[in-house]
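Given the sequences, and given the hints that come with them, work out the whole structure.
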Amino acid sequence: MRWSHRLAQLCLSASVLLVPFAAQAATEEDPWESVNRPIFTFNDTIDTYALKPLAQGYQYVTPQFLEDGIHNMFRNIGDVGNLANDVLQAKPAAAGVDTARLIFNTTFGLLGFFDVGTKMGLQRNDEDFGQTLGYWGLGSGPYLMLPLLGPSTLRDAPAKMVDSYATPYPYIDNVSVRNSIWGLNIVDTRASLLSAEKMVSGDKYVFIRNAYLQNREFKVKDGQVEDDF
Numbered sequence: 029m030r031w032s033h034r035l036a037q038l039c040l041s042a043s044v045l046l047v048p049f050a051a052q053a054a055t056e057e058d059p060w061e062s063v064n065r066p067i068f069t070f071n072d073t074i075d076t077y078a079l080k081p082l083a084q085g086y087q088y089v090t091p092q093f094l095e096d097g098i099h100n101m102f103r104n105i106g107d108v109g110n111l112a113n114d115v116l117q118a119k120p121a122a123a124g125v126d127t128a129r130l131i132f133n134t135t136f137g138l139l140g141f142f143d144v145g146t147k148m149g150l151q152r153n154d155e156d157f158g159q160t161l162g163y164w165g166l167g168s169g170p171y172l173m174l175p176l177l178g179p180s181t182l183r184d185a186p187a188k189m190v191d192s193y194a195t196p197y198p199y200i201d202n203v204s205v206r207n208s209i210w211g212l213n214i215v216d217t218r219a220s221l222l223s224a225e226k227m228v229s230g231d232k233y234v235f236i237r238n239a240y241l242q243n244r245e246f247k248v249k250d251g252q253v254e255d256d257f
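Numbered as in my numbering, the sequence shown ends at 257 without a single skipped number.
Simulated from the structure, these hints should not be mistaken for lab results. Keep in mind that this is a model prediction, so the values were computed, not measured. A portion of the hints provided could be inaccurate.
[What the hints assert, rightly or not] Under the rule of at most 27 Å between Cα atoms (straight-line distance), these lysine-lysine pairs were calculated in the DSS-like manner: (1) Lys119 to Lys232; (2) Lys80 to Lys226; (3) Lys80 to Lys232; (4) Lys249 to Lys232; (5) Lys249 to Lys188.
What follows is the structure, encoded as structure tokens:
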């Protein structure tokens with residue numbers, strides 16, 4: 029499912045995007061830390077001894093142009109969910125951009141292997157159902173660390189199930205094909221984030237938690253967040 033193959037993305041992408049915010053404490057938003065920390069340790073152990081080595085091996089043996097193309101194809105699949113949530117958030121301009129991206133990348137970009145949409149000036153939106161719920165006023169609720177799935181919140185965790193229906197996996201009957209594509213997506217996502225690890229500092233759990241929460245607020249509010257300084 030979509031939430032599964034975004035394990036590494038959820039854990040590290042927020043760290044890269046919003047490092048300046050990560051020093052702020054968020055303990056009031058993490059009342060279940062005593063449970064979340066052991067789950068984080070479990071996830072981090074699996075990542076250290078399984079997922080990260082796989083991603084490093086993949087990156088080592090895969091030519092850069094092929095790695096970029098595969099990554100672009102998975103992003104093109106993700107644009108389906110972006111478009112659906114653009115519509116649910118009543119954002120016609122963003123929906124138009126993501127529709128055009130899907131059309132041009134799927135056709136001229138050979139199923140998304142080439143990101144011609146970005147080269148045409150069509151900047152990709154990044155939306156999901158958790159953001160949609162937040163856009164319409166539903167609070168994030170407490171922070172959650174999900175086994176294998178990574179950082180989330182009480183609002184965003186169940187929303188991932190809704191997002192899964194915008195991915196192809198529920199509609200692929202061939203189990204081996206489905207699992208192969210799903211596994212490749214996980215490894216590709218993790219490989220694309222290997223360079224981000226050097227951004228993490230201090231208490232890794234606290235850093236990722238704070239960065240994730242700030243990143244989600246940033247996305248829900250479309251960048252219109254208050255500066256606390």
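The hints, checked one at a time:
In summary, the hint linking Lys119 to Lys232 is not supported, as the alpha carbons are separated by about 36 Å, beyond the 27 Å threshold. For the given pair, Lys80 sits about 14 Å from Lys226 by alpha-carbon distance, which is consistent with the 27 Å threshold. Taking the CA atoms of Lys80 and Lys232, the gap is about 16 Å. The hint holds against a cut of 27 Å. Using a Cα cut-off of 27 Å, the hinted pair Lys249 and Lys232 holds, with the two alpha carbons roughly 26 Å apart.
Distance hint between Lys249 and Lys188 is fulfilled; the C-alpha atoms sit about 19 Å from each other, no more than 27 Å.
Comparing the model with each numbered hint stated earlier shows that hint 1 is the single one that does not hold.
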